[in-house]
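Using the sequences and the accompanying hints, generate a full structural model.
From first to last, the protein sequence lines stand for chains B and S.
Each residue of the first sequence is one higher than the one before, counting from 1 in the numbering used here.
Each residue of the second sequence is one higher than the one before, counting from 1 in the numbering used here.
Calculated from the structure, these hints are not laboratory results.
Treat the numbers as computed from the prediction; the structure is a model and nothing was measured.
Any given hint could be a false lead.
[Unchecked claim] Derived lysine-lysine pairs resembling DSS-like cross-links, with alpha carbons at most 25 Å apart: (1) S:Lys386 <-> B:Lys235; (2) B:Lys268 <-> B:Lys221; (3) S:Lys170 <-> B:Lys280; (4) S:Lys62 <-> S:Lys290; (5) B:Lys182 <-> S:Lys315; (6) B:Lys41 <-> B:Lys98; (7) S:Lys62 <-> S:Lys315; (8) B:Lys280 <-> S:Lys374; (9) S:Lys78 <-> B:Lys182; (10) S:Lys170 <-> B:Lys235; (11) B:Lys221 <-> S:Lys315.
[Stated by the list, open to error] Here chain B is said to cover these stretches of chain S; the calculated rule only asks that three of the stretch's residues, wherever they fall, bring their Cβ under 8 Å from a Cβ of chain B: (12) 70-82; (13) 338-351.
[What the hints assert, rightly or not] Stretches of chain B that chain S covers, calculated by requiring three or more beta carbons in the stretch to come under 8 Å of a beta carbon on chain S: (14) 121-131; (15) 142-149.
All residues carry an ideal CB built from backbone N, CA and C; glycine is no exception.
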Amino acid sequence: MSLELPRGQCVLLALCLSILLLQNNTLLAKNTGLIFISNEKSSDITILDLKGEFVRSIPTCARPRGMHFSKDRLQFYVGCADDSTIAVYETSTQKIVKRIRNVEEPETFDLHPDGVHLYVSNEEDAAASVLNINTGELVAEYDTGEEPEGVLFTRDGKLVFVASEAANLVHVIDTVKGAVIKDILVDTRPRRFALTPDEKELWVSAELAGVVNIIDVETLKLVGDIAFLPTGMRKEEVTPVDVLITRDGTRGYVALGRANHVAVVDVKSRKVIKYVLVGKRSWGLALNKDESKLYIANGLSDDISILDTASLTVKKSVPVGTVPYGILIDDH
Amino acid sequence: MIIRLLAWVAAVTLSLTVQVAAQQAQLAITYVSREGDQAYIHKRRYTGLRLRNRYPVLGAAKVAMKESRIVGRAIGVKFKLIELQLKEAVTAVDAVRKHIDSSNSRVLILDLPLADFLAVSGQLTGESVIMFNPRHHANRLRRQDCQSSLLHTIPSQAMLSDSMAQFLRKRNWTRVLMLVGEHDQDRLTANAFEASAKKFGLTIAYRRSFTLRNDPRQRDLNNIALLTGGNYDAVFISDEVGDFGRYVPYQTTLPRPVVGAHGLQASAWHWTWERHGAPQLNQRFARKAKRYMSETDWAGWAAVRSVVEAVTRTKRTDIGSIAGFLRSDQFVLDGYKGNPSNFRAWTNQLRQPILLHTHDAVIARAPIDGFLHKSSTLDTLGDDAKDSTCRFANK
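As structure tokens, then:
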């Protein structure tokens, strides 16, 4: 869509400008059809289009990992551990808007449904901190085990789950009470979360145990496990990290790390439907809007695998930066 | 005196513990060191150089204790670290026994010189204690001197040399020139490497001794050009003192890589290791200790973490339950090296990957791809069950 006003006829410059601006805004507001990938070691963000074609790469702060859209998706946040910074980018232009500094080694985060409070795991600080994303102020801090990692809110924002990698705990924070209400002991090296759409089950990947633990959200107790073992792999190579559950709650995807596969799980029966071979050390996952494609960040082969979720086959691999970590898709 | 004081402190703490026991269980771990330990005295060499500074593993144990605070909150157990430093004059076994009796702290991290270490681990084994070795690579501690109550978090010499042999094999650098120093330890290290070379099909092209003396009559024992003549693919150096080997790289007659005590080294840990969450541990340690984390630091840290893990999973604080769990196949330690670690039933040695590194980069992680094993590739490193000569006296 391009502007085709005959410029000569534009008598009032101001009017012209405002039209230009207006058009610009609607054009670039969101849904750029771009994919952003944070590269932990090369400290840049690779930008791809939805087909997986390389668009460009932009330098960012040091050791970028977790990323998240703002509530209106007009901005996205990038956590940079080595700079202790959260960088805020405009989605449409990928220009930096501001930097929130002195956030101790942020790894990942989740945004409270209020769109204002960002709950950040501070990897080096054994704490989850709460940032007001508008002011950059530190609002609260909760003690966690060492190396807090995955952060996930319930839809109503009442509870937030924080995994502590080194302490093998899932901390449950009640955001209304402002307190850790439970430390749930899980298997070795818990990393990421997914909630079923009905929010009855919380899935937690336990990287070194090679399983996903399932927590009943109502009782906050472990109720089951899903173990993974692709053919030809050894148990110790199965190191699950990222977990996703589809919107209809039927299917789960688990990146199996050094086993170089993604497990496709039937959520109801908790059975693995298929293991799909992807790149080396697959860990970051993202689905596009209609969930027809799953994008997988492979930390050791420095590429992204694009999986067709209907046929469950990898259609494409795209080289990105060094040690890709997180994926954001701006397609709606 | 210090011991008496410690004992008194421990006794007081114990009585306090009894009072609070109703609310919270406690588990104490004692770190045992020896005053004037030669290994930790920094020897200045010619022109004030310090070649091999070693540090007690206490700092690493403290880091692991700090990490355990929140786990303790979750399971309702308070973990506590007690320091016991043995005075130069006292007999190690007596002092440690006395400490156990007075404090009832029965988990011991032994950061002791080898003679003390052998005495304590030999005599206390079977007495309802758990002892950890975070320091000695010596194969004998996993062979004739192995003990049922002694767990090794530091790898054995055989594991280190097997890792190196796998690496050389994989690169097809199969003919090895060995340069061996005069120290007893040099011969042990060299023997371990020879055994590993045999295990993985390397050829020892030459095994030559070197001396640091400058006697012209021993020119062929201290002249690097003469020592490195012949035909070989790599040079393995065994040099405990470290004042010879550092001159070997770039001075060999043939342009060949140097491994062993210099060049490419095999260790349990390295401060530049960047995979599997290692940067977090390295940074956490460096912030507290104000230096880089060494392999003995890692092993000390791993000992504390093992105990905490056992208490966490069993929810018990008695020695029998902890020891039983540590030695079971349910035990899993995340050592930040990628593979879950646990203890070998036949030697109580912690299974673990080994890092092959230069002074500032990790080049490879053993077990090297392609070396297979019927149950765990980690058991391609060190004494496997069928080769083990360890026979525990007290099961």
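Tested hints:
1. S:Lys386 <-> B:Lys235: 23 Å, holds
2. B:Lys268 <-> B:Lys221: 18 Å, holds
3. S:Lys170 <-> B:Lys280: 21 Å, holds
4. S:Lys62 <-> S:Lys290: At roughly 13 Å apart (the allowed maximum being 25 Å), Lys290 (chain S) and Lys62 (chain S) satisfy the hint.
5. B:Lys182 <-> S:Lys315: 17 Å, holds
6. B:Lys41 <-> B:Lys98: Status holds; Cα separation ~22 Å.
7. S:Lys62 <-> S:Lys315: Status holds; Cα separation ~22 Å.
8. B:Lys280 <-> S:Lys374: Holds: Lys280 (chain B) and Lys374 (chain S) sit about 24 Å apart, inside 25 Å.
9. S:Lys78 <-> B:Lys182: 18 Å, holds
10. S:Lys170 <-> B:Lys235: Holds, because 24 Å separates the two Cα atoms, which is no more than 25 Å.
11. B:Lys221 <-> S:Lys315: Between Lys221 (chain B) and Lys315 (chain S) the Cα gap is close to 16 Å, so the pair holds against 25 Å.
12. 70-82: Contact hint for the segment 70-82 of chain S vs chain B: holds, 5 residues under 8 Å.
13. 338-351: holds (count 3)
14. 121-131: Held - the segment 121-131 of chain B has 3 residues with a Cβ nearer than 8 Å to chain S, which meets the minimum of three.
15. 142-149: Per the Cβ count (5), the hint holds.
The structure is consistent with each of the numbered hints, conforming to all of them.
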